[in-house]
Amino acid sequence: MILGKVIGNVVSTIKLSVYQGYKILIIQPVNNKEEPQGESFLALDTVQAGVGDTVLVIDEGNSSRLIMNNSTAPVRTVIVGIVDTIE
Amino acid sequence: MILGKVIGNVVSTIKLSVYQGYKILIIQPVNNKEEPQGESFLALDTVQAGVGDTVLVIDEGNSSRLIMNNSTAPVRTVIVGIVDTIE
Amino acid sequence: MILGKVIGNVVSTIKLSVYQGYKILIIQPVNNKEEPQGESFLALDTVQAGVGDTVLVIDEGNSSRLIMNNSTAPVRTVIVGIVDTIE
Amino acid sequence: MILGKVIGNVVSTIKLSVYQGYKILIIQPVNNKEEPQGESFLALDTVQAGVGDTVLVIDEGNSSRLIMNNSTAPVRTVIVGIVDTIE
Amino acid sequence: MILGKVIGNVVSTIKLSVYQGYKILIIQPVNNKEEPQGESFLALDTVQAGVGDTVLVIDEGNSSRLIMNNSTAPVRTVIVGIVDTIE
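Protein chains in written order, with the working numbering: chain A, 1 to 87; chain B, 101 to 187; chain C, 201 to 287; chain D, 301 to 387; chain E, 401 to 487.
FYI, nobody ran anything at the bench for these hints, they're computed from the structure.
Quick reminder that beta carbons are idealized off the backbone N, C-alpha and C, glycines included.
No false leads were mixed into what you were given.
List time: in silico DMTMM-like cross-link candidates among lysine to aspartate or glutamate, alpha-carbon distance up to 20 Å: (1) B:Lys-133 with A:Glu-39; (2) A:Lys-33 with A:Asp-84; (3) C:Lys-233 with E:Glu-435; (4) D:Lys-305 with D:Asp-345; (5) D:Lys-323 with E:Glu-487; (6) B:Lys-133 with B:Glu-187; (7) E:Lys-405 with E:Glu-487; (8) E:Lys-433 with D:Asp-353; (9) C:Lys-223 with A:Glu-87; (10) C:Lys-233 with E:Glu-439; (11) D:Lys-305 with E:Glu-434; (12) A:Lys-23 with B:Glu-187; (13) C:Lys-223 with A:Glu-34; (14) B:Lys-133 with B:Asp-184; (15) B:Lys-105 with D:Glu-334; (16) E:Lys-405 with E:Asp-453; (17) C:Lys-205 with C:Glu-234; (18) C:Lys-205 with A:Glu-34; (19) B:Lys-133 with B:Asp-153; (20) A:Lys-33 with C:Glu-239; (21) D:Lys-305 with D:Glu-334; (22) C:Lys-233 with C:Asp-284; (23) B:Lys-123 with B:Asp-145; (24) E:Lys-423 with C:Asp-284; (25) B:Lys-123 with D:Glu-387; (26) C:Lys-223 with A:Asp-84; (27) B:Lys-105 with B:Asp-184; (28) E:Lys-405 with E:Glu-434; (29) D:Lys-333 with B:Glu-135.
Some chain D residues judged to face chain B by a derived CB distance under 8 Å, without partners named: (30) Met-301; (31) Leu-356; (32) Ile-358; (33) Asn-362; (34) Leu-366; (35) Asp-384; (36) Thr-385; (37) Glu-387.
Can you make the complete structure from the sequences, with help from the hints?
Written as structure tokens, this is what we have:
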């Protein structure tokens with residue numbers, strides 16, 4: 001899992017039907033001080049996260065399909081939680 | 101998923117039969133301001149994307165095989181959408 | 201596997217039920233001299249590691265599910281051991 | 301898939317039997333101008349590529365096993381084509 | 401596969417039973433001139449490699465499980481050969 005901050009969202013007219021109803025958010029990975037590290041990527045939102053939220057992101061297809069409860073979803077990266085505190 | 105820009109395409113005489121009919125495009129990953137970040141890679145085009153388009157790319161074998169509807173396709177990376185707007 | 205140092209932990213109100221009872225730790229990868237290298241990431245703790253410990257981390261979904269003895273756990277990265285010495 | 305240039309080959313006395321008959325080539329990833337980017341890695345040659353060739357490389361275990369027509373081959377990265385032109 | 405040099409080994413009291421009898425070695429990836437590139441990582445030794453050896457490393461769970469002949473081993477990275485020459 002990766003710690004990231006939501007920095008935007010993407011609108012696309014050509015979207016797979018399995019993505020319907022999910023926002024596609026842009027995630028900037030952050031370190032333990034919530035400072036940016038590395039390159040941004042996209043994740044499906046499963047927890048109603050918004051821009052500015054610090055989130056937990058899982059980046060593995062099988063895990064993401066399990067979370068979406070859809071064994072044939074072509075998805076690799078989903079947001080699984082909103083962070084309260086980092087200690 | 102990754103946000104990228106199509107910057108070229110590749111022609112190869114030795115190509116797997118499963119790739120017939122698909123363009124192999126060169127993708128430059130971009131950030132939320134559509135600025136380049138990281139290294140380019142190749143993706144099969146499933147949405148009629150062209151050079152200059154900003155696209156959604158999925159980079160996982162099982163997802164790519166699901167999108168191509170071919171459970172035995174040796175493919176890891178496909179373009180799944182063309183981006184309208186980034187917010 | 202990766203050699204890392206535990207540098208913090210994350211508290212999240214929205215957490216998958218399969219994660220209940222596990223700490224989510226922030227791991228800083230280190231080299232053979234225990235100097236930081238690369239970017240931090242998150243791992244589930246299966247060995248009662250604490251901040252400051254040097255640990256062995258496995259970063260593959262199937263391995264992590266095997267270690268958690270749960271074939272449907274959406275988890276990719278777990279701590280599998282605490283390091284005694286590096287030679 | 302990745303675009304790369306063949307820059308060498310590796311000879312090893314201890315080699316898995318499944319690798320017999322395949323060259324192990326060193327690949328330098330390149331961008332759309334065939335300039336080096338990122339770190340070199342190794343790939344099994346399935347298309348009779350040679351040093352100096354620009355090649356298409358797939359880097360996923362399931363894809364590589366499908367290309368080698370061997371569902372139990374411990375192989376992750378294979379060369380799948382020689383590039384004619386980059387546009 | 402990756403070309404690497406063995407630069408150390410790790411001793412851990414908490415170790416999975418499947419790892420018993422295998423050394424956990426620290427691998428520094430190297431380029432075709434055997435110069436360091438990128439970050440070190442850990443691999444299980446299946447070929448009796450030692451510090452200073454240049455080795456072939458495979459970094460994929462399914463491949464590693466096949467090499468260890470154990471379909472349920474939680475292992476992602478193993479050393480598969482010792483390099484004789486790089487051309």
